[in-house]
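Chain A is already provided as a structure; the job is to place chain B on it using the hints.
There are 2 protein chains.
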Amino acid sequence: MANNEKNRIITTIYGQEYTIVGSEPTDHLKKVAQIVDSKMHEIGAQNRALDSGRLAVLTAVNMTHDYLLLLEKYRELEARLENS
Amino acid sequence: MANNEKNRIITTIYGQEYTIVGSEPTDHLKKVAQIVDSKMHEIGAQNRALDSGRLAVLTAVNMTHDYLLLLEKYRELEARLENS
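Residue numbers (full-length UniProt numbering), protein chains in the order written: chain A, 1 to 84; chain B, 1 to 84.
Extracted from the complex, chain A is given alone in its bound form (with noise of 0.2 Å):
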């Protein structure tokens, strides 16, 4: 592919434009800009207050959150794989 390999999608997330660049196709970009702006809805929804910066900050928050906890049970399942 050109561009050094990497494809481009132009997206709204919580109702301002990005553009995210990534090597994975742009189904993958477009699956995690819809996962982003679903999760900022969403908190939102819970803490009307916060301003769309703050809301940002707690979804990545959430996400991390989410990353370390499946990263916990990967390293489980490898774990049980190495002594299967």
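Treat the hints as calculated values from the structure; they're not laboratory data.
Among the hints, erroneous ones may be present.
Since the list gives no way to pick one copy over another, a pair counts as held whenever it fits inside one copy or between any two copies.
Each computed DSS-like pair below joins lysine-lysine, with the alpha-carbon atoms no more than 27 Å apart [as the list claims (entries may be wrong)]:
| no. | residue 1 | residue 2 |
| --- | --- | --- |
| 1 | Lys30 | Lys6 |
| 2 | Lys73 | Lys31 |
| 3 | Lys73 | Lys6 |
| 4 | Lys6 | Lys31 |
Just chain B now, with coordinates in the frame of chain A:
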């Protein structure tokens, strides 16, 4: 633990104070906040023109991307474990 088994930390992410609440130990909550703070600084250093709100959204995008890649690897391990 009191308070419906919730833990709470007050932490600084990208120069702003946040209260993070969760059922995990405070060490986990601190680690989450540190990862988000460090990712925001990393992405901010590469995109100096971004305001902090857009930077936080891109940090959430970044973490969601990492989450989806890890989820794919997790499902591969699960499939291998089922077949082993």
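A quick look at each hint next to the structure:
Within a single copy, lysine 30 and lysine 6 get their C-alpha atoms as close as 14 Å, which meets the 27 Å cut-off; across copies the closest is 34 Å, which misses it. For the homomeric pair lysine 73 and lysine 31, the shortest alpha-carbon distances inside one copy (22 Å) and between copies (17 Å) are both at most 27 Å. For the identical chains of this complex, lysine 73 and lysine 6 are inter-copy neighbours only, at 22 Å across copies versus 31 Å inside a copy, given an alpha-carbon limit of 27 Å. With identical chains, the CA atoms of lysine 6 and lysine 31 are at most 27 Å apart within one copy only, with a shortest distance of 16 Å there and 31 Å across copies.
Of the numbered hints listed earlier, not one is contradicted by the structure.
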